[in-house]
Structure formats: structure tokens, C-alpha cells
Amino acid sequence: MFFQHVYDKTLAQASYFIGCQKAGVAAVIDAKRDVDTYLEIAKANNMKITHVLETHIHADFLAGSRELAALTGAEMYLSSEGGPDWQYEFPHTDIIDGSILNLGNLKIEVIHTPGHTPESISFLLTDSPASEEPVMLFTGDFVFVGDVGRPDLLEKAAGLKGTQEIGAKQMYQSIKKFESLPAYIQLWPGHGAGSACGKALGAVPSSTVGYELIRNWAFQYDDDEPGFIKYLLEDQPEPPKYFAMMKKLNKVDRPLLTSVPKLKKIDSIELLKALAEGVKLIDARDKTIFSKGFIPKSINIQGNNSFATWAGWFLSYNEPFIMLAEETQLEDLTRKLMRIGLDNIQGYIPSTKIWEDNGGKLEKVNQINIEDFKKLISDKDSQIIDLRSATEYNEGHIKGATNVFIGALMDNLDKISKDKKVVIHCQGGDRAAIGYSLLARNGFTNIVNYSPGMNEWKSQNNLVVQ
Numbered sequence: 000m001f002f003q004h005v006y007d008k009t010l011a012q013a014s015y016f017i018g019c020q021k022a023g024v025a026a027v028i029d030a031k032r033d034v035d036t037y038l039e040i041a042k043a044n045n046m047k048i049t050h051v052l053e054t055h056i057h058a059d060f061l062a063g064s065r066e067l068a069a070l071t072g073a074e075m076y077l078s079s080e081g082g083p084d085w086q087y088e089f090p091h092t093d094i095i096d097g098s099i100l101n102l103g104n105l106k107i108e109v110i111h112t113p114g115h116t117p118e119s120i121s122f123l124l125t126d127s128p129a130s131e132e133p134v135m136l137f138t139g140d141f142v143f144v145g146d147v148g149r150p151d152l153l154e155k156a157a158g159l160k161g162t163q164e165i166g167a168k169q170m171y172q173s174i175k176k177f178e179s180l181p182a183y184i185q186l187w188p189g190h191g192a193g194s195a196c197g198k199a200l201g202a203v204p205s206s207t208v209g210y211e212l213i214r215n216w217a218f219q220y221d222d223d224e225p226g227f228i229k230y231l232l233e234d235q236p237e238p239p240k241y242f243a244m245m246k247k248l249n250k251v252d253r254p255l256l257t258s259v260p261k262l263k264k265i266d267s268i269e270l271l272k273a274l275a276e277g278v279k280l281i282d283a284r285d286k287t288i289f290s291k292g293f294i295p296k297s298i299n300i301q302g303n304n305s306f307a308t309w310a311g312w313f314l315s316y317n318e319p320f321i322m323l324a325e326e327t328q329l330e331d332l333t334r335k336l337m338r339i340g341l342d343n344i345q346g347y348i349p350s351t352k353i354w355e356d357n358g359g360k361l362e363k364v365n366q367i368n369i370e371d372f373k374k375l376i377s378d379k380d381s382q383i384i385d386l387r388s389a390t391e392y393n394e395g396h397i398k399g400a401t402n403v404f405i406g407a408l409m410d411n412l413d414k415i416s417k418d419k420k421v422v423i424h425c426q427g428g429d430r431a432a433i434g435y436s437l438l439a440r441n442g443f444t445n446i447v448n449y450s451p452g453m454n455e456w457k458s459q460n461n462l463v464v465q
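Numbering (numbering that gives the first Met the number 0), first residue to last: 0 to 465.
Keep in mind the hints are simulated off the structure, nothing from the lab. Don't take each hint at face value.
Heads up, simulated EDC-like pairs for lysine to aspartate or glutamate below, C-alpha to C-alpha not over 20 Å straight-line [what the hints assert, rightly or not]:
#1 379 <-> 418
#2 279 <-> 126
#3 279 <-> 222
#4 175 <-> 222
#5 240 <-> 371
#6 250 <-> 74
#7 457 <-> 371
#8 296 <-> 410
#9 373 <-> 455
#10 247 <-> 154
#11 417 <-> 378
#12 240 <-> 318
#13 261 <-> 93
#14 168 <-> 223
#15 176 <-> 108
#16 160 <-> 234
#17 261 <-> 331
From a predicted model like this one, the values you see are computed outputs, not experimental measurements.
Full structure from sequences and hints, please.
Here it is as C-alpha cells:
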């Protein structure tokens, strides 16, 4: 058996390449959309991809199953569980609980494991030449290392009311199936730490059934379904805004993108025209560089591992946008965006020089240090805005601070004063950089940024309110 774990750390998303070396055939589970990774693995190992599998209709990334099938001629095997509302709407082969897929000498058994979503399935792998006992379980968003998939996304992200309690009950029943498996089976989940698909995902890539039964919180509620449901549903992180679109695009037919696009370099005429028309300029530079000089109304989303997630909060799928990024960054950033289907990139500029050469003036971020921050906290003419999540805020915040989660900032501009001096902060400055640029874009001129945020505040032994 050939096995390779492919991990996208930007979305904390795992996919899997499994092959029978004797037969020279392979399957890919939960492919990301830039599928050249799998083509390269297949070529390097003299294998042909014949099976493309998905564990469920994903909410957090745009699956590359259709791109991969189009490029290789592989068959897509997708769940037909969950009822009529949860069927894929493009050509594929249906699989259900108990289906068996043969991949050379490998056997893959389908197990219906609803809870995260109604159609969710897991794949139990047996390496027949080695043993007739199963060896690996690919769980998707069913069981993670240290956690289980959240059942509230359909309601919170996709607007399907009343589904989270049903999903939680289904999850409780599904974990009973997991408990019945041999303890030695390896667990290979769809996500790791940092994913919004759960609240306590472990950082290690894999585990075993036996270890999860001991250490995973979800298996400590024997005969206590209400307690399990309560803990599962409480304190889940805010689902990114783009999740709703992923649910749709992963279910319906859509245009394919079978290679990483090459971006067009925008000239000054095109840039000025686009900005005048309100086209968003996403500045992917580091926040410290951005703060020293930025093009007015640009949005600072740093090109780090969180780039796609934050872009998904603040860009809509029907609007073009422009990127400001160094040419060496372009392929990486384009890959990150295509993984969540943000393909409407009008072009890029490599620096602010094109703006300045045409007479444009740069703006600067009004930064303050901790001493300034301490003074403003007690000033009645100041407003302190904590841009962290509600969970982070509830765990400890500065007395008097108002919590406005950065992802929901555009829906809560009415909570930001235009009369007082507004001090924004987050944990370490990244979200505050986004927040400052958004507020400046929307006409706020009274904003100051305490960029070091709670990291510095706590390190100086300052008290927080629990």
C-alpha cells in the first residue's frame, strides 16, 4: 500500500492519497482544489488516479474532486445518504453505508456517520495483502484528534434552521459506531488544529480509535446524551462568512478551474479606474509595512496562513477585486484563494509605487503604545473595541471594552463611535490591522490601533475582567 497525507495548513485541511502499488492505481480522499499536488504524487510513484472520494459536502473549502476527475478520468464516488436535500447535483457514482470499493488489493468500506452533516460518511481501509483486518479510518469531519465535527454549521452558516439539534443527536449515535471499532485502527481526520469545523481539534495529524476513546471529550458521555449535546453546541467558533457559499458550490454543478491562474499586472489607468468604481484592493503586505503607508480604502489582509479565511469574510463571490502583493507571493496567494473559490481576481499591483507615481498620497495607521493605551482606557471620551471572538472575549477582556468580532465588523459599524476616540485591539495585531483598514475605508478618522493587543497587555501583568 502507498499512503500520503497532504495537509493544507492555511485551512487546516487534510486530504489523502492512497494507492495499490502492485496494481498501480490510487484514490484521493477530500481533494483540495489545486489538484496538481496529487497529479505530481501519482506521476512520481507510477500510479493512475482512478477513484476520487469525498467524506461529505464541505463547508470550509472548495473540493477539487471535479477538477481531479476531469484531468484524470477517475470516477467520483460520493455519498447518497442523508435524504433528498443532501444529494450531489452533478454526475458521479452513489455510495451508501456498507458500499465496498476495491482499489487494486485495497478494500474501502463506506460507513455512514451523520452528525456534522446528514450525508457524512467515513472510509474504512483494509490492506488485504497484509491483513484482512482494517487498518485505517478516514473520518472527514466526523471524529477529529481530540474532538468531533460541529453540527451547527448548517444552521449558523447556511441558514438551515433547526438542524443543529438534529445533527447533535445524529453525532451521538454515530460515535457509538466509532466506539465499536478495534482500538488499533488508525484515525485520519479531515482537519487539524486551527480549523473552524470544531472547537478543540488536536495539533497532531492522526490518532487511533483506542486513544480517542480515552482522551477525546466526546467519548466521555456514556448514557448522557443531553450532556453531550450541550457541550457539543456551546462555545463553537464563529463560522466564516464564506462557508455558506462553499456548501452551495460543493453541491451544485459549477465551472472548473484545472490549473492555478496567472494574474494580470494592472497598469495605472486600470487601477485608478477600478478604485474609482469601488473595486476592493486587498493589500497582502505585512501589517507593519502596511501601517507605514497604504493606498486609501485598501484592506490589509496579510498573506499568511489565515489569508484565505479572512478574505472569505470580506470578499463576496460576485465582485472583482485587485491584490497588492509581491510577484513572488502571487502563486501562493492565488492558490489560497482558489481553495475557497475566490476566483474573481481582476489583477495585481506589486507595490504602492504605481499609486504614488500618479500623484496619490499614502495614508498611515495611527498606532499607539501601551502607555497611551492605559491613558485612553480611563478616558470617558474614548471607546475601546475588542475585535476578538466572543469566546476569547468571555475568557478575559479589558474592563469597559466592547466586543465587536472582526468578522462581523461590517455589520456592526453603528456600534463604532464617530465622536469619541476609538481604540481597537485584538490578541496580537493581525485582526486589528484588518479592522483599522476596514474602518478607514468606511470613513472613520478617529481610530487608533493598539497593535500589540492582549498578548502585550497580559504580559505586563495587567488585569483582565473574566
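Taking the hints in turn, this is what the structure says about them:
1. 379 <-> 418: holds (12 Å)
2. 279 <-> 126: violated (51 Å)
3. 279 <-> 222: violated (52 Å)
4. 175 <-> 222: holds (11 Å)
5. 240 <-> 371: Given that 20 Å is the threshold and the Cα spacing comes to 34 Å, the pair is violated.
6. 250 <-> 74: holds (17 Å)
7. 457 <-> 371: holds (16 Å)
8. 296 <-> 410: Holds: residue 296 and residue 410 sit about 18 Å apart, inside 20 Å.
9. 373 <-> 455: holds (12 Å)
10. 247 <-> 154: holds (14 Å)
11. 417 <-> 378: holds (16 Å)
12. 240 <-> 318: holds (15 Å)
13. 261 <-> 93: Violated, at about 35 Å.
14. 168 <-> 223: holds (11 Å)
15. 176 <-> 108: holds (14 Å)
16. 160 <-> 234: Between residue 160 and residue 234 the Cα gap is close to 18 Å, so the pair holds against 20 Å.
17. 261 <-> 331: Measuring from Cα to Cα gives roughly 11 Å; hence the hint holds.
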